[in-house]
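Asker: Given the sequences, and given the hints that come with them, work out the whole structure.
Here the sequence shown is numbered in this note's numbering, starting from 34 and rising by one per residue.
Be aware that a few hints might be false.
Simulated pairs of lysine to aspartate or glutamate, EDC-like, Cα-Cα distance not exceeding 16 Å [stated by the list, open to error]: (1) Lys-149 with Glu-184; (2) Lys-134 with Asp-190; (3) Lys-134 with Asp-163; (4) Lys-143 with Glu-184; (5) Lys-170 with Glu-146; (6) Lys-170 with Asp-182; (7) Lys-95 with Glu-118; (8) Lys-98 with Glu-54; (9) Lys-134 with Glu-118; (10) Lys-95 with Glu-73; (11) Lys-132 with Glu-166; (12) Lys-61 with Asp-35; (13) Lys-98 with Glu-157; (14) Lys-170 with Glu-184; (15) Lys-149 with Asp-190; (16) Lys-170 with Asp-135.
Okay, the calculated beta carbon distance ranges per label pair [unchecked claim]: (17) Pro-94 with Arg-45: 17 to 23 Å; (18) Glu-184 with Asn-162: 34 to 40 Å; (19) Phe-169 with Arg-45: 37 to 43 Å; (20) Lys-61 with Ile-136: 16 to 22 Å; (21) Met-115 with Gly-69: 24 to 30 Å; (22) Glu-184 with Lys-132: 26 to 32 Å; (23) Phe-169 with Leu-44: 38 to 44 Å; (24) Asn-76 with Leu-42: 34 to 40 Å.
Source of the hints: derived by calculation from the structure; they are not laboratory data.
Fair warning: this is a prediction, and the values are worked out from it, not measured in the lab.
Built from N, CA and C at the ideal position, the CB exists for glycine as well.
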Amino acid sequence: MDMKRRIHLELRNRTPAAVRELVLDNCKSNDGKIEGLTAEFVNLEFLSLINVGLISVSNLPKLPKLKKLELSENRIFGGLDMLAEKLPNLTHLNLSGNKLKDISTLEPLKKLECLKSLDLFNCEVTNLNDYRESVFKLLPQLTYLDGYDREDQEAPDSDAEVDGVDEEEEDEGEGSRMISFHISQHEYLFSLKISTYDRNYQENRGGKASRSLGAVNGIILWKHFYSFILKHIETGKN
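Answerer: Here it is in structure tokens:
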């Protein structure tokens, strides 16, 4: 399903201004760019674009209230310059699993004055010597990098989600997931949202434990759920 169609379904007869959270994971982006998302989403606080084939974020509209942006498992290799202009209040940015190789590609993030959490799991830049020290030096406003602060203290769960977003769903408990699906006449759309961080630990070059956001696990679980529901829908038709 392409991104424009997905956005239309996610609106569910609401106006863009009424939407605070938008999950577009696993849909298709033509030419590796964002499509169908406009500046009309003036109250959007959470945007998830996991595994949509993005190469560039140049088409991102101005979203003055956006606090959390999920861009993991794409092919972004740079071009982050416009984020500060378009997303002035961004506090959480997840770029895990992208094509970021050099510390210099992160330099535009210095202008994101509100940014306090940045995730770069599975990016080549994390293999550089003194990676953590270099990023914290480049981005002094940052509190957490890959889930840990400068003193290697893990971010508390209260920092795992954007303040004020999904307050109704945060009581599900650590590791829980909210799964929802919407059925139209001829299409079935399933959205998986990871409501809390998975506790998957891996050893990085420095020998310190890092917390994975579970993006890959989420995509795998989403696919299993999709197949399961389609199987039962087909059974019900017969």
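Asker: Would you mind marking each hint as holding or not holding in the structure?
Answerer: Now for the hints, and whether the structure bears them out:
1. With a C-alpha separation of about 15 Å, the suggested pairing of Lys-149 with Glu-184 holds against the 16 Å cut-off.
2. Note on Lys-134 and Asp-190: the hinted pairing is violated, with a Cα-Cα distance of about 29 Å set against a maximum of 16 Å.
3. At roughly 14 Å between alpha-carbon atoms, Lys-134 and Asp-163 fall within 16 Å of each other, so this suggested pair holds.
4. Note on Lys-143 and Glu-184: the hinted pairing is violated, with a Cα-Cα distance of about 21 Å set against a maximum of 16 Å.
5. Distance check on the hinted pair: Lys-170 and Glu-146 sit about 14 Å apart at the alpha-carbon level, within 16 Å; holds.
6. Restraint check: the Cα-Cα separation between Lys-170 and Asp-182 comes to about 12 Å, which is no more than 16 Å; the hinted pair holds.
7. Taking the CA atoms of Lys-95 and Glu-118, the gap is about 7 Å. The hint holds against a cut of 16 Å.
8. Between Lys-98 and Glu-54 the CA atoms are separated by roughly 11 Å; this keeps the pair inside 16 Å, and the hint holds.
9. In summary, the hint linking Lys-134 to Glu-118 is not supported, as the alpha carbons are separated by about 23 Å, beyond the 16 Å threshold.
10. Distance restraint check for Lys-95 and Glu-73: the Cα-Cα separation of roughly 9 Å lies within the 16 Å cut-off, and the hinted pair is therefore satisfied.
11. For the given pair, Lys-132 sits about 20 Å from Glu-166 by alpha-carbon distance, which is inconsistent with the 16 Å threshold.
12. Under the criterion of a C-alpha separation no larger than 16 Å, the hint pairing Lys-61 with Asp-35 is consistent with the structure, at around 4 Å.
13. Proposed proximity of Lys-98 and Glu-157 is contradicted: the alpha carbons are some 30 Å apart, above 16 Å.
14. Our distance criterion of 16 Å between C-alpha atoms is met by Lys-170 and Glu-184, whose separation comes to about 13 Å.
15. Of the pairs offered as hints, the one joining Lys-149 and Asp-190 holds, with about 14 Å between alpha carbons and a cut-off of 16 Å not exceeded.
16. Proposed proximity of Lys-170 and Asp-135 is supported: the alpha carbons are some 14 Å apart, at most 16 Å.
17. Checked against the hint of 17 to 23 Å, the C-beta distance between Pro-94 and Arg-45 comes to roughly 20 Å, which is consistent with it.
18. For Glu-184 and Asn-162, the Cβ-Cβ distance of about 20 Å falls outside the hinted range of 34 to 40 Å, so the restraint is violated.
19. For the pair Phe-169 and Arg-45, the beta carbons lie near 41 Å from each other, so the given range of 37 to 43 Å is met.
20. Distance hint check: the CB atoms of Lys-61 and Ile-136 are about 31 Å apart, inconsistent with the given range 16 to 22 Å.
21. Taken as a hint, the range 24 to 30 Å is violated for the pair Met-115 and Gly-69, whose Cβ atoms sit roughly 18 Å apart.
22. Our hint of 26 to 32 Å for Glu-184 and Lys-132 holds, since their Cβ atoms are close to 30 Å apart.
23. The given range of 38 to 44 Å is respected by Phe-169 and Leu-44, whose C-beta atoms sit roughly 39 Å from each other.
24. Distance hint check for Asn-76 and Leu-42: the Cβ-Cβ separation is about 19 Å, which falls outside the suggested range of 34 to 40 Å.
The earlier numbered hints that this structure contradicts are 2, 4, 9, 11, 13, 18, 20, 21 and 24.
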